[in-house]
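S.K.: Residue-level listing of the chains:
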Amino acid sequence: MATAERRPPAPRPVYLDLFRIRKPLPSIVSIVHRVTGAILLLIGIPVLLWGVERSLASSDAYAALRATLAHPLWKLVLLGLAWAFLHHLCAGIRHLFLDVHIGIELAPARRSSVIVFVVSLALTLIVAAKLW
Amino acid sequence: MVMRRQTVGAHYGLTDWLAQRVTAIVMTLYVLVLLAVALWNGGLDYSFWRALFGNGAFKVATFLFMAALIYHAWLGAREIYMDYVKPVGPRLTLQVVTIALLIAYLGWTIQILWGHTGAAA
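Going line by line, the protein sequences match chains A and X.
Per our numbering, residue 8 is the first one in the first sequence, and the count goes up by one each step.
Per our numbering, residue 30 is the first one in the second sequence, and the count goes up by one each step.
Calculated from the structure, these hints are not laboratory results.
Among the hints, a few may not be true.
Claimed, not checked - Some but not every residue of chain X turned toward chain A, in silico, with C-beta under 7 Å:
#1 82
#2 85
#3 100
#4 134
Remember, it's a predicted structure, so these values are computed and weren't measured experimentally.
Ideal Cβ positions, reconstructed from N, Cα and C, are used throughout, including at glycine.
Next comes chain A alone, as it looks inside the complex:
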């Protein structure tokens, strides 16, 4: 008769020291995905809401907002947020493909990591061209 006895699994090491583990390209995409997500949560959303609120308040407020955002420092902030959003979006789309088992082999996963960086930076350049 089979016994129901089960030994508990041996405790396995969990090693997540980000400054010491080796980071191949896909893991860099992964950590940047997290960092950009945090940036968007803490800075992106409040800036977005503030901007939309000001832009809708009155035509004077709309013009004042445009003047404020025309400052070079503000343009840099907007560009940074645009990059964070675009990287997060591209890395997220890559994630959806991985979810349905497309590109999960090592070589395609590396290639799609490169694509995420290249495409998000290219789109950021378009935003930069629009800003300046």
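With the hints as your guide, set chain X onto chain A.
M.R.: Chain X alone, transformed into the frame defined by chain A:
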């Protein structure tokens, strides 16, 4: 004999995983539609922007976008805390602060969309 073994937990993992994807797709669609509207109009100016946010359907779509964003941000933030903040006290504090912040964002959104000084006025 087939045994269905209930392991452990509240089984929210799969729901959360799916919700993260669904909210991401909802947000992407909203952004694409907004981009298409702006391009179709040949750019944005105050009167067009104002009229857009005066439209009831667009307000509801914008609210849904923000609700999806808030939920998505919560799932992502919680994942980060679970991986990097192990002690219960700091983790719980961060979670509570994050939830408060996200609900405040949603309240701000409602104020913009349906408040006196916002798009409805």
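S.K.: Hint by hint, say whether it matches the structure.
M.R.: Evaluation of the provided hints:
| no. | hint | verdict |
| --- | --- | --- |
| 1 | 82 | 6 Å, holds |
| 2 | 85 | 15 Å, violated |
| 3 | 100 | 12 Å, violated |
| 4 | 134 | 5 Å, holds |
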